[in-house]
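Please build the complete structure, drawing on both the sequences and the hints.
Residue-level listing of the chains:
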Amino acid sequence: MRIKLEARGQQSKVMPYASPILAAALTLICGALLFWVLGKPPLQALHTFLVMPVSDPYRIAELLVKAGPIVLCAIGLSVCFRANVWNIGAEGQLLMGGLVGSCAALWMLDLEGVWVLPVVVLAGVLAGAAWAAIPAFLKNYYNTNEILSTIMLNYISLNILLYGVHGPLKDPDGFNFPESALFSDWQIMPIILEGTRLHLGVSFALLAMVAVWVLMSRTFVGFQIKVLGGGERSAHFAGFTESHLVWLCFLICGGLAGLAGVSEVTGPIGQLVPNISPGYGYAAIIVAFLGRLHPLGILFAGLLMALLHMGGEMVQIQLDLPRAVTGVFQGMLLLFLLICDVLIGYRLVIEKSISKPAQQPVLMDSKIVAMESK
Amino acid sequence: MDMDMDLIANILFATIRTGTPLLIVAIGELVCEKSGVLNLGQEGMMLMGAVAGFIVAFHTDSLMLGFFGAIIAGALMSLLFAVVTLQFYANQVATGLALTILGVGLSGFIGREYVGEALSSVDFQIPFFSSIPFIGKVLFSHNLLVYISIFLAVSVYWFFKSTRVGLQVKAVGESPESAQSIGLSVLKIRYMAIVFGGAMAGLAGGYLSLLDTPLWAENMTAGRGWIALALVVFASWRVERAVLGAYLFGLMSIMHLVLQSFGLSVPSNLLATMPYVVTIVVLVLLSRNQQGIKLHAPMSLGKAFHGAR
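In order, the protein sequence lines correspond to chains A and B.
Position one of the first sequence corresponds to residue 198 (the numbering used here), numbered consecutively onward.
Position one of the second sequence corresponds to residue 79 (the numbering used here), numbered consecutively onward.
Since the hints were derived computationally from the structure, they do not count as laboratory data.
Fair warning: this is a prediction, and the values are worked out from it, not measured in the lab.
Facing chain B, from chain A, some residues (calculated, C-beta under 10 Å):
{"id": "1", "residue": "Ile285"}
{"id": "2", "residue": "Leu335"}
{"id": "3", "residue": "Leu355"}
{"id": "4", "residue": "Leu358"}
{"id": "5", "residue": "Leu359"}
{"id": "6", "residue": "Tyr360"}
{"id": "7", "residue": "His363"}
{"id": "8", "residue": "Gly476"}
{"id": "9", "residue": "Tyr479"}
{"id": "10", "residue": "Ala480"}
{"id": "11", "residue": "Pro519"}
{"id": "12", "residue": "Arg520"}
{"id": "13", "residue": "Leu530"}
{"id": "14", "residue": "Leu531"}
{"id": "15", "residue": "Leu535"}
{"id": "16", "residue": "Gly542"}
Listed below are the simulated DSS-like cross-link pairs for lysine-lysine, each with C-alpha atoms no more than 30 Å apart in a straight line:
{"id": "17", "chain 1": "B", "residue 1": "Lys381", "chain 2": "A", "residue 2": "Lys423"}
{"id": "18", "chain 1": "A", "residue 1": "Lys201", "chain 2": "B", "residue 2": "Lys266"}
{"id": "19", "chain 1": "B", "residue 1": "Lys372", "chain 2": "A", "residue 2": "Lys423"}
{"id": "20", "chain 1": "B", "residue 1": "Lys381", "chain 2": "A", "residue 2": "Lys201"}
{"id": "21", "chain 1": "B", "residue 1": "Lys248", "chain 2": "B", "residue 2": "Lys266"}
{"id": "22", "chain 1": "A", "residue 1": "Lys201", "chain 2": "B", "residue 2": "Lys248"}
Every residue gets a Cβ at the ideal spot worked out from N, C-alpha and C, and that includes glycine.
Pasting the structure below:
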């Protein structure tokens with residue numbers, strides 16, 4: 198008896214939505230096993246990891262504060278991934294948004310007025326978009342692989358940020374700590390829920406969700422992006438200018454990631470520090486896939502990812518486990534999702550080893566499907 | 079004059095030393111890509127190799143066992159990649175990214191208690207030859223793995239040029255359908271190529287944590303796995319060019335030392351961007367000639383193969 202995959206013939210209607218849930222369940226099971234191996238009671242550890250972070254209203258607000266930047270980046274990435282543009286650079290675009298936003302804030306430290314914050318935010322958005330324009334330019338004009346260029350730009354932006362915070366942007370009165378001066382009240386995101394850290398920046402994530410949903414499902418440009426993702430040739434035959442679409446995808450994603458970055462420094466952080474992001478831009482890649490590149494799905498996946506981040510901090514404090522447990526869960530989640538996704542096009546069949554004759558048509562069938570899917 | 083020669087010898091020595099892990103990863107990934115599989119998980123596999131190698135060596139006091147552990151860890155990670163992409167037809171790019179995210183997390187997780195510990199560093203010199211002025215320093219004073227990496231490169235070159243199995247790997251990478259139709263097992267060959275790539279990534283990770291620094295720090299590979307991926311493109315999938323490229327990238331990574339020794343003071347964080355900037359520049363220069371890349375890249379690179387059962 199063995200288990201094998203058999204082509205469904207047509208894509209499952211249910212599995213695209215069931216697969217992320219299945220993946221999350223498998224991740225939970227493996228996570229429980231991991232805790233058990235480490236000598237922690239698995240159920241109690243899972244409770245600490247996933248339930249305690251949301252056990253009171255303040256913490257739920259914290260969850261939203263963390264989910265904000267992740268969702269912003271993931272929404273941007275979803276536009277890129279829909280067009281088959283493999284932008285892995287949300288992290289770098291976020292850092293650049295935070296860095297340049299901080300530069301603007303520090304430059305206008307003495308100025309007062311309600312217009313100051315919008316200018317700072319705008320600087321961050323433009324910086325993120327400009328940083329994303331580099332791989333877009335290189336891809337359009339030199340055919341440079343965007344995966345490698347965006348990854349390299351992530352490392353570059355991190356080093357530039359470190360340079361800034363250790364060098365010219367360091368607070369002169371800061372006892373030589375690698376931190377900028379604190380931003381003024383005019384440069385800090387207003388709190389939208391009294392008694393929590395929930396700030397205006399988080400609502401940008403919701404706005405971005407709606408805007409991108411409208412763009413992708415209600416406009417011709419969105420349609421073009423999806424066609425481009427379906428295959429460059431079809432987009433070409435349809436007469437779309439591919440390079441314009443590539444530009445657009447990168448700029449949207451860069452702008453949103455930059456917005457996430459500047460919202461972090463002007464929001465919960467309030468100054469420029471070396472680690473403004475615990476890998477939000479990378480987490481957003483998983484979120485985009487887990488959310489099936491759909492704004493609503495991304496919202497749920499983003500909340501889950503924020504929960505993993507908070508859970509990592511929680512198990513560190515409560516169970517003396519390293520925070521890196523977050524990364525382990527993230528990696529498992531994405532791997533399980535990729536595995537479960539095979540069930541969209543295939544079904545699991547348990548076959549007895551003696552029933553040979555049934556194999557032939559199955560093989561033919563799967564080949565035809567394989568051809569069609571190309 | 080003597081001073082200058084010493085300086086140049088030191089720079090060349092450091093170039094080879096820094097280029098070696100890149101060479102090892104790139105050779106592994108090259109074999110993997112020749113079979114038509116693009117594994118973007120190099121960074122994750124390297125980190126797992128680095129942490130596993132360090133832990134084993136720390137407890138056994140044996141570098142040999144440490145390297146063994148590093149190779150096993152890298153191979154296991156790549157086996158995971160192989161199962162997901164070959165058995166479940168998952169997208170290779172996404173799976174590679176997942177492997178890197180998992181490797182970064184998992185290595186940080188299991189290595190936490192070893193941060194700050196150090197191994198005793200090893201000095202290895204080839205007797206007699208290492209005492210030759212200049213050449214002795216540049217060529218004969220390295221750790222053993224430098225020579226092993228060159229042996230590896232020569233072996234892989236020979237493997238693709240003159241062996242039947244090498245030809246079969248290339249056939250699978252160019253056209254898995256035709257390879258299968260002449261009776262080759264596409265899955266088996268791809269499994270082996272992927273696991274070889276993982277083992278090499280693990281070994282390179284071990285090089286970093288056992289010989290180069292020798293300590294374990296989170297994310298200590300600092301993008302070398304990604305640079306190696308660019309290196310394979312740079313080498314247009316040819317072993318001899320990968321060797322050249324690895325040392326070229328090695329030189330770029332130690333540029334901050336070179337500039338500092340010439341008395342130029344540039345902030346270290348800015349200099350640290352050099353290898354990444356150079357990687358982008360090299361990629362741009364290369365990919366201008368898209369036809370050339372298409373010509374050299376394995377035809378089926380990155381595409382899932384559904385035919386075999």
